[in-house]
Amino acid sequence: MNHSRAELLVLRSKTKTMRWHRPALSESSFRKILSIAGVFVLLLLVAIFFSLGIASFPSIRNFGIRFLFSSTWDPVKSEFGAFPFLVGTLATSFLALVISVVFSIPISIFLGEYSAQGSVATFIKSMIELLAGVPSVIYGFCGLFLLAPLVRALEVKLGMAPYGVGIFTASLVLSIMIIPYSASIGREVISLVPSDLKEAALSLGATRFEVIRKVILPYAGSGIVAGVLLSLGRALGETMAVTMVIGNSNFIPKNIFSPANTLASVIANEFTEATGSLYLASLIELGLVLFIVTTIINLIGKLIIRRMGVGE
Amino acid sequence: MKEPWIRRRILWDKLFKAVIILLTFCSILPMLFILFFITSKGISVINWRFLTHLPKPVGEMGGGISNAIIGTFILIGIATAFSVPIGMLVGIFLSEDRRGRLASLTRLCVETLQGIPSIVIGIIAYIWFVVSTGSFSALSGGVALGLMMLPVIITATEETLKLIPESLREASLALGVSYPRTILKVILPAGISGILTGILLSLARVAGETAPLLFTAFGSPFMGLNILKPINSLPLMIFNYATSPYPEWHTLAWGASFILIVLVLGLNLFTKVVTKRWKVQF
Amino acid sequence: MESAVLKIENFSAFFGENQVLKEINLSIPQNRITAIMGPSGCGKTTIIRCINRMHELIPDAKVSGKIFLDSEEIYATDAIIVRRQIGMVFQKPNPFPMMSIYDNVIAGYNLNGMKLNKDEKDKIVEESLKRAALWEEVKETLHRRGTFLSGGQQQRLCIARALAMRPAILLLDEPTSALDPKATSYIEELIVQLKDAVSIILVTHNMAQAARVSDFAAFLYLGELVEFGPTGRMFTAPKDKRTEAYLTGKFG
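Protein chains in written order, with our numbering: chain P, 1 to 312; chain D, 1 to 282; chain H, 1 to 252.
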C-alpha cells in the first residue's frame, strides 16, 4: 500500500475534525432509559398482582375467607370453595417432595462428593438436565399411558377402585419432574463444603460415610433444604402433568388413590368452560392463592441460598 | 488384624456408597423409559404427510400436525420479539447498578416473576389480552410465553455482563467512546455468548409449555397465520389428543410428542454448541 | 526552553474526603518523554487518570485546579472530546477480545461512529501498526482476533490503537510491568522512537526504566510533586532529600 504524503495530510486533517463531533445519545439519557426498563419490570409485577386481585374480587367479596375452608365446588349453585384443591395441591406436592428427596439427595451426594468430575458425572448431569428439559405435557402423556395402567393394576391388587389416576399417580409423576431442581442446588452446596474440614475428619480416621454424615450434611444442610423448598415451589405450580393424571374430581380426596384436583389442575380443566362472572372470578382467586403461596416459598428458598453464598 | 467395630464402620461405608450409587442410577431410569417409549411409539407415525398436513376431524384417517408446528414457531417468535429487547435492557440496567434501591427492587421482582406458575401467567395474559380484545389470539399466547422467558433472559444478561472485566470498559472509555456506545458496542458483544445461552434455554423451555396457552392461544384445527386469532401449538395438540377418547388421536399424540422432544432437546444441544463457539476469553 | 504541551496548575484530586493529589504544578514538555515516578500510593496513576478525565468515573471522585492542553482547559471541555485527543495504554494489555487486529486498531473511529471509507481505514491501520512496530508481524493476519498475540504484541496493539486517534499526548500507565524483559525492552525502544509524533507521559515504578527512557522526570510523594527536571540531572544530582532517598532505594 503506497500512500502519497498529500493523501496522508488530508486524512490527518479529516480525522482531526472528526474527533470533535459530539455523541448522539448522552450518558444521562441512556441511564434514564435503563432505569425506565427497571421500573417497567416493577410495574409489571404490580400489575400482575392487581389484575389477579381485581379479577378475583367478585369472588373475594362474595365468599370472604370462607373460600379457603369451604369444600363445595358447585358451578350450578354458584357455590365455590377452595378447600378440596388446597388438599389436592398440598397432598400431591408433599408426597412428590418426599419421594423426590429420596433420589435427589443421593444424586447431590454422588455428584458433589463421590464423582464430581469425569464421564460418569457428565453423563448423570446431562440426564438430570434432560429430566428438567422434558415438557410437562409429555410427562403427563407418559404418566397417563404408561404409569396409570400400572397403578390401576396395583389398585386392583389392593382391592381398591381401579382409577389408575389420582393423587398417588400424580405424586409419582411430579416427583420425577422436580428431582433436577433440588439435585442441582444440593450438588452445588455439597461441593462448596471446604475441603479442609473434610480432610480433617478423614485424617482422624473417619470413613467417607461418616464424613458425609457428620461434616458435609450438617454444613450443607440449610442449602439442601433451600433446594428442596425451591422444588416444592415448582411442584405447587406444576400444571399439565398433574392435570392429566390426577383424575379431575372436585371433592376432597378420601385416600391416596382417590382422584382429586389441585389449584392448578382445576383452573386448567374448567377455565374455558366457566360461565358466569362469579365462576371465573373464583377460578382466578384460586390462581391468586397459588401465586401468593408459590411466591412466598420461592422467596424463602432463594433467601436461604443467598445467605449461604451459593452462586446461581 | 482389624477390630470388629472398625470392620463394621467400613461395612456401613461400603453399604452407603452402594445405596447412593443405586439410587442415583435408578433416578435416571424414568428418563430412559420416557425417551424409549416416545421414540418407539412416535417414530412410526412420522412421515411427510404427518408433518405437512392439517389435522383431520375424528374418524377420518390421516391428518397431520403442520399447523401445530407452525403455530409453535409463531408463538415462540412473538415471545422472543417481546422478551429479548426488554430483557436485555433490564439485564444491562441491573449489571450497571449494583447497589441502588431501584435495582434491588427490580431484582426482587425478577425473582418473583420467575417463580410464578405457568397457569397463573396464562390467567394474566387472558385478563390483559383476551378479555380486552374479546378473542383468543396467538398474540396473547406469545406474550404469555414471553413473560415466562423474561426473567431468565434478564438474569442471564445481568450475570454475564457482571463477569466482564472492567479493563474492557476502560479501554473503550479511554478512546473517547461515550458510555452508551461502550455498553452497546463493546460490553454487550463481549457477553453475547452468555446472553444467547439464556435466550435459547428459555426458548427451549417455553416451546414445550402448554398451561399458559390453554386460554390464550387456545388451539385451532386450522393453519393460523393471523396473530389476532387462535392458534395451535405442539404441546396444546398433544394435550388435546392425549386426553381425548379416540385411539387414532393418541397415536398422533405420540408422533407429535416425538417431534416436540426432538425440537426441545435439539434446541438444548444447539445452545451448548453455539455458546461454546461464541464464547469470548478474557 | 521547552514548549509545554500540557500545563497542570494548582491541581488537587480527591476520593471523597481523602486528598490524593495536593496542589500539583507541572508543565509537560512537547515531544519529549516525561516519566512520573514515586512509591505506591503517591498518586502517579491518579494524576494521569485526571489528565484524560478517567478519574471522575469513580464515584465520590473530585478535582480542583486546572489542566491546559495547548490552550484549552480540559475540565471546561466535554470529557469525551478530551479523551479522543489523549491516548492511554494500560498496565495489563486490553485489546478488544471480540475484534480482529484490524478492527482493534481502528476501534477509536468505529466505536465513535466516525465514518471513514475503506482506503482511509487501511491507511490509518497500516500507519499506526508501523509506528507501534507491529506491522511486519501481523500484516498477513490483520483479520484474526487480537487475543492470539503474545503479551508484548498485545501491548503494542494497544499502543497502535491509541496512536490511530493521532493524540497530542500518550499516557502510558506502567505499560511493561506485566511483560517479560524481552518484550519490555522492545517497547522501551518503541517509546523513544514515538516522541517525534506524540508527547509521552510514562508512569513507572521501575526507576531504571525511567532512567533509560525518559527525557524529563517528575517525582511524586504522598500526593505532592516533590521534584521535576531533566532525567539526567534528577538521577545524578537530585535537589530534594526525599528524591534522593527514593532514588537510592531507601524506600520503595
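A hint or two may mislead.
[Said to hold, decoys possible] Pulled a few chain D residues facing chain P out of the computed Cβ check, cut under 10 Å:
hint : residue
1    : L89
2    : G91
3    : I116
4    : S220
5    : P221
6    : M223
7    : A253
[As the list claims (entries may be wrong)] Beyond 12 Å from chain H on every Cβ pair, some chain D residues (computed):
hint : residue
8    : F16
9    : L51
10   : S178
11   : T182
12   : I192
I should point out that these hints are in silico values taken from the structure, not numbers from a laboratory. C-beta: ideal position from N, C-alpha, C; glycine also.
Structure-inconsistent hints, enumerated in ascending order: 4, 5, 6, 10, 11 and 12
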